[in-house]
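Participant: With the hints as extra help, turn the sequences into a complete structure.
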Amino acid sequence: MGTVLEAEGLLVGYAGAPVCGEVTASVDAGEVLGIVGVNGAGKSTVARTIAGRQASLAGDVKVHGLLIDPDAVPFRRQVSAVFDDDLFFPSLTVREHLLLIARGHSLDDPEGRVEEELEFFGLLGRSHAIPDALSSGQRRRLLLAAGLIRPSSLLILDEPEQRLDPRMRVALGERISEHAKDGGAVVLVTHDPQLLLATASTCLVIDDEVQQFDPEQGASIIAGS
Amino acid sequence: MLTVSPSTQDRELAAAIVRFTRRSSRRYKRSRTSWADRFVDAYSWGLGIGVSLTIAASFVLALRNEIADRASTTTSIIHAQWLVLPEAVLWTSVTFAVLLVISNLARKLGPMTVNGPESSWWLTLPVDRRPMVLPPFLRKVALTAAGSAIIYLPFSLVTTVDRAPSDHLLASLSFSAAGTIAVALAAMQQLRLLGHRVGRVASAAVLLACSTVPALSSSFWPTALVGIAAVGLLALVVPRAGQVRGEELVRGGAVAGHAGASLFMLDSNEVLRALGGGRKTVDGGRAARFYARPAHGPLRALIRADVVAFLRLNPPLTPPLLWLAACIAILLVEGGLPEFAQLAVIVIAGCATASGLGSVARKTALVPELDALLPLHPALVRTSRTLMPCLAMAVWMAVLSSLLLVLGAADPWLIAVGAIAGVGMGAGTLRAATRTPPDWTAPPVETPFGPVPRAQLGSLMRGLDVTILAMIPLLVALYLGYVPLLVVMVQAVFSVGIFLVVVLTRPKRS
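Those protein sequences? They're chains F and W, same order as listed.
Residues in the first sequence are numbered from 1 upward in steps of one, following this note's numbering.
Residues in the second sequence are numbered from 1001 upward in steps of one, following this note's numbering.
Since the hints were made in silico from the structure, they are not lab data.
Be a bit skeptical, because a hint or two may be false.
[Said to hold, decoys possible] Each pair of labels, with its calculated beta carbon distance range: (1) F:Q54 x W:E1334: 52 to 58 Å; (2) W:R1139 x F:T3: 42 to 48 Å; (3) F:E119 x W:R1026: 39 to 45 Å; (4) F:A17 x W:A1372: 24 to 30 Å; (5) F:L66 x W:V1347: 58 to 64 Å; (6) W:A1372 x F:R167: 41 to 47 Å; (7) F:H128 x W:L1366: 37 to 43 Å; (8) F:G40 x W:L1374: 24 to 30 Å.
[To be verified] Partial list, computed: chain W residues near chain F (C-beta under 8 Å): (9) A1016; (10) T1021; (11) S1024; (12) S1025; (13) K1029; (14) G1116; (15) T1124; (16) V1452.
For glycine and all other residues, C-beta sits at the position ideal for the given N, C-alpha and C.
Facilitator: This is the structure:
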């Protein structure tokens, strides 16, 4: 299985000022890279830069050996990213949002796939509700469903455990592992030691100096021990 | 880098996605709105637009008659018209200025955009973006063209009274095409077909040429030429609409959304915040060096911080200079304008310039906790915040008064009156910055002239009221043609009074 993501000397930050040390990492197909660190360390900034949502200060990020370009159709086809963007079409229902993604990615039987995701994320009963009528946890599930319904070789998740109940967190962990088992690569930013242990193959600790550890050490760092 | 090569299949899929989203949204909205509501909306809009158009038309006709009769009745606030500006030059300059405003606004607002939900749910799809971006862009172009034609028609009627009706129509169509060119040029900059600097210079040059066309309305060909140029530029832009970078689409959408919502709420502070958001603030390190110098005591520290903030937010010099030029041009125009029109232009220029200097006050008004950071009385905090706008406005008004003096508007005391008026006008910027959104639920107040929405007017005019009030003694002096001592004293009382009222009044919080 080949390398999906390579970051070489990646420096991320705002207005020319880096928020953390240089990131050098690679993720192969079937691997889950956990990213952990204290609040404000720069985990989400690293994830956003890898996803092409903001420009890097220095260094390169490559997906399948090609420099990232979020405006390129092949990049959008390969990379699925879920951030905490609470942005929805105000008059589209939950089902219609997922149908939009399913059709946009030319899935076979989009309606069937939408039903499966609605069931998995416990949204069947709310499938005809508009986003404003959902709780924040349900909106989070909708975002995750939109990120997972579509095929991708690189899945980037920024603190996906936020606002989820414990049962859903466990189910999400299984889903991430399944994605990796099917040959996908995952970048997972998390504050949840259990989710990290359940899914990650390696772990980056973001700080002034970025270091690579195994998931057990990463979980200890999150737990503060 | 990965490159985009949109296929026909991609484009069809993107169009289907857009249709699906729009159809679902429409279905939902229809299910939430009754026919009665729609009728009431249509009736209110129709009535509002009809009344506005009637008022505008009667105003335009009255002004046209006034200008037509001016030869026999003209008086001016200046006595030494040592330079006569041909009317055609003035109106062409105004046309050019408006085209530049359209071009700058188009660039700030995109012109190609996606809104928040579209950026999250559409831009991430692996399809060609043109069907997502193009229809709203074409709507903007059509609206700009229609709006330009509608705006130019009364302008043409007022400024060239001897034109035939068909010439007015041709002039409007020419300006409409010029407005379209302004938007198309902004789109070319967004597409990076034109670099930043080259784009600005090229746009200015093209728009300068376009601004002369409405004056040539006696012939059909200039209008046809500028129309063909507009279509040609659009033909360059339209096929490339899907190539605008995602971050540019999102930026334009954010500014357009912010400005649109602020306009809908009639919140001028928010409109200025939205449009000034992306401006580069370059102070060349002067502000940092000034800030690094030691300051003793909290008041001095605060004043220094406010001065540095003022310099960093870098109010652009061009608009105040252009307003100065506009004031002088309107006085020097061939044939002269009525006195009230000359004074009105000076008031508008003063209000616009003062408004541009309120960036710091507008930004700090968003975070009221900032005022409590230092152990100072709130009145001192407000004094510190208003110092730089007062100083800048005093300088601007002194320059304007000096120019008016050179033109023989009054005696040298006018400069002092102008500078003192500037202090009051600068204080108005702080009052305007703390303007609260109008309470549309408050009932109108009965007056001898009928019901007046006093609460809403009070809210909308907050800040502007004292800025205009501070100019009244100066305007009286200009009208009289000399500066009586009483006017100097009244001006001092007005400006000091306004300054004190502004700094001693606790701002309303919404």
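Participant: Now look at each hint and say whether the structure bears it out.
Facilitator: Consistency of the hints with the structure:
Remark: the range hint 52 to 58 Å for F:Q54 to W:E1334 is upheld by a beta-carbon distance near 55 Å. Distance hint check for W:R1139 and F:T3: the Cβ-Cβ separation is about 45 Å, which falls inside the suggested range of 42 to 48 Å. The hinted window of 39 to 45 Å between F:E119 and W:R1026 is violated, with their beta carbons roughly 28 Å apart. Between F:A17 and W:A1372 the CB atoms are about 29 Å apart, so this pair conforms to the stated range of 24 to 30 Å.
For F:L66 and W:V1347, the Cβ-Cβ distance of about 60 Å falls inside the hinted range of 58 to 64 Å, so the restraint holds. Here the CB-CB span from W:A1372 to F:R167 is close to 46 Å, well matched to the stated 41 to 47 Å. Take F:H128 and W:L1366: their Cβ atoms lie about 38 Å apart, and the range 37 to 43 Å holds. At roughly 26 Å, the beta-carbon separation of F:G40 and W:L1374 lies within the given 24 to 30 Å, and the hint holds.
The interface hint given for W:A1016 is met, as the beta carbon of that residue sits about 7 Å from the closest beta carbon of chain F, less than 8 Å. Hint status for W:T1021: holds, given a least beta-carbon distance of 6 Å to chain F, under 8 Å. Residue-level restraint check for W:S1024 holds (minimum Cβ-Cβ distance to chain F is 5 Å; threshold 8 Å). Nearest Cβ of chain F to the Cβ of W:S1025: about 4 Å, under the 8 Å cut. The hint holds.
With a least beta-carbon distance of about 6 Å to chain F, the hint placing W:K1029 at the interface is held under the 8 Å criterion. For W:G1116, the suggested interface contact is upheld, since its CB lies about 4 Å from the closest CB of chain F, less than 8 Å. The closest approach between the C-beta of W:T1124 and any C-beta of chain F is roughly 6 Å, which is under the 8 Å cut-off, so the hint is satisfied. With a least beta-carbon distance of about 36 Å to chain F, the hint placing W:V1452 at the interface is violated under the 8 Å criterion.
Violation of the numbered hints given earlier is confined to hints 3, 16; the remaining hints are satisfied by the structure.
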